[in-house]
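Go ahead and model the full structure; you've got the sequences and the hints to work with.
In the UniProt record's numbering, the protein residues as written are 1 to 142.
It is possible that part of the hints are untrue.
Said to hold, decoys possible - Below, computed lysine-lysine pairings styled on DSSO-like, alpha-carbon distance capped at 27 Å:
id, residue 1, residue 2
1, Lys102, Lys68
2, Lys68, Lys96
3, Lys120, Lys68
4, Lys33, Lys96
5, Lys120, Lys96
6, Lys68, Lys45
7, Lys33, Lys68
8, Lys102, Lys120
9, Lys33, Lys102
10, Lys45, Lys33
11, Lys96, Lys45
Stated by the list, open to error - Between beta-carbon pairs, the in silico distance windows are:
id, residue 1, residue 2, range
12, Lys33, Arg80, 12 to 22 Å
13, Phe36, Ile85, 13 to 23 Å
14, Asp83, Ser47, 33 to 43 Å
15, Arg62, Phe86, 32 to 42 Å
16, Gln127, Tyr88, 19 to 29 Å
17, Ser121, Lys96, 31 to 41 Å
18, Asn70, Asp104, 12 to 22 Å
Calculated from the structure, these hints are not laboratory results.
C-beta: ideal position from N, C-alpha, C; glycine also.
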Amino acid sequence: MFEQFKSWATSAHKSGTDMFTSNLVPLSDVQIKTVFNQGVHDIAKYSRNGRSVYIKHVYLNRLNETVKPNISANDIDFFRSLDQIFQYCYVLVYVKCSRSNKYDTAFFLDDYEAIQGISKSEAMQRQTDLTSIARIIRSELL
Numbered sequence: 001m002f003e004q005f006k007s008w009a010t011s012a013h014k015s016g017t018d019m020f021t022s023n024l025v026p027l028s029d030v031q032i033k034t035v036f037n038q039g040v041h042d043i044a045k046y047s048r049n050g051r052s053v054y055i056k057h058v059y060l061n062r063l064n065e066t067v068k069p070n071i072s073a074n075d076i077d078f079f080r081s082l083d084q085i086f087q088y089c090y091v092l093v094y095v096k097c098s099r100s101n102k103y104d105t106a107f108f109l110d111d112y113e114a115i116q117g118i119s120k121s122e123a124m125q126r127q128t129d130l131t132s133i134a135r136i137i138r139s140e141l142l
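Written out as structure tokens, the structure is:
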């Protein structure tokens with residue numbers, strides 16, 4: 001599913017969308033590899049300049065009072081294995097807009113929050129557009 005984000009970011013880059021102006025690096029500087037061999041789904045490794053972060057992509061049609069994405073036992077095992085080598089896996093939760101019927105906003109959870117869940121109000125405070133998500137990945141996570 002992260003291919004949607006990668007595709008959107010690539011097309012935005014080619015069209016000169018604001019996301020890639022100012023101090024942001026182009027998407028070509030960020031390597032994105034899907035994690036296949038751990039029994040997990042929708043997890044990608046983002047790397048740039050020797051730094052890397054794992055991101056699990058999750059899609060929600062709406063926010064419930066407690067926002068708790070569907071995390072499998074394999075996902076939890078993968079999170080724990082990363083913790084042992086001082087790596088991180090964030091969960092990027094895309095939220096479907098009822099007006100546009102598209103997943104055009106998202107927010108990050110750390111692995112603990114993804115397992116335990118957070119309140120709807122906290123999720124709404126974190127929710128932001130995909131341009132800002134791309135900026136966060138480039139400038140803060142990498």
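Hint-by-hint comparison with the structure:
At most 27 Å may separate the alpha-carbon atoms for a hinted pair to count; Lys102 and Lys68 meet this at roughly 20 Å. This hinted pair checks out: Lys68 and Lys96 have alpha carbons roughly 15 Å apart, not beyond 27 Å. For the hint pairing Lys120 with Lys68, the CA-to-CA distance comes to about 10 Å; that is within 27 Å, so the pair holds. Between Lys33 and Lys96, the direct Cα distance comes to roughly 25 Å. Compliance with the 27 Å bound is thereby established for this hinted pair.
Between Lys120 and Lys96 the alpha-carbon distance is near 14 Å, which keeps this suggested pair within the 27 Å criterion. The suggested pairing of Lys68 with Lys45 holds, with an alpha-carbon distance near 22 Å, which does not exceed 27 Å. For the given pair, Lys33 sits about 25 Å from Lys68 by alpha-carbon distance, which is consistent with the 27 Å threshold. Simply put, Lys102 and Lys120 have alpha-carbon atoms about 19 Å apart, close enough for the 27 Å limit, and the pair holds.
Taken as a hint, the Lys33 and Lys102 pair is honoured in the structure, with Cα atoms around 24 Å apart against an allowance of 27 Å. Using a Cα cut-off of 27 Å, the hinted pair Lys45 and Lys33 holds, with the two alpha carbons roughly 5 Å apart. Between Lys96 and Lys45, the direct Cα distance comes to roughly 24 Å. Compliance with the 27 Å bound is thereby established for this hinted pair. As the Cβ distance of Lys33 to Arg80 is approximately 20 Å, the hint placing it in 12 to 22 Å holds.
Checked against the given bound of 13 to 23 Å, the beta carbons of Phe36 and Ile85, roughly 18 Å apart, stay inside it. Take Asp83 and Ser47: their Cβ atoms lie about 19 Å apart, and the range 33 to 43 Å is violated. Between Arg62 and Phe86 the Cβ separation comes to about 35 Å, which falls inside the hinted range of 32 to 42 Å. A beta carbon spacing of about 21 Å between Gln127 and Tyr88 agrees with the range 19 to 29 Å that was offered as a hint.
Between Ser121 and Lys96, the C-beta spacing of about 19 Å breaks the proposed range 31 to 41 Å. In this structure the hint that Asn70 and Asp104 lie 12 to 22 Å apart at CB holds, the actual value being about 21 Å.
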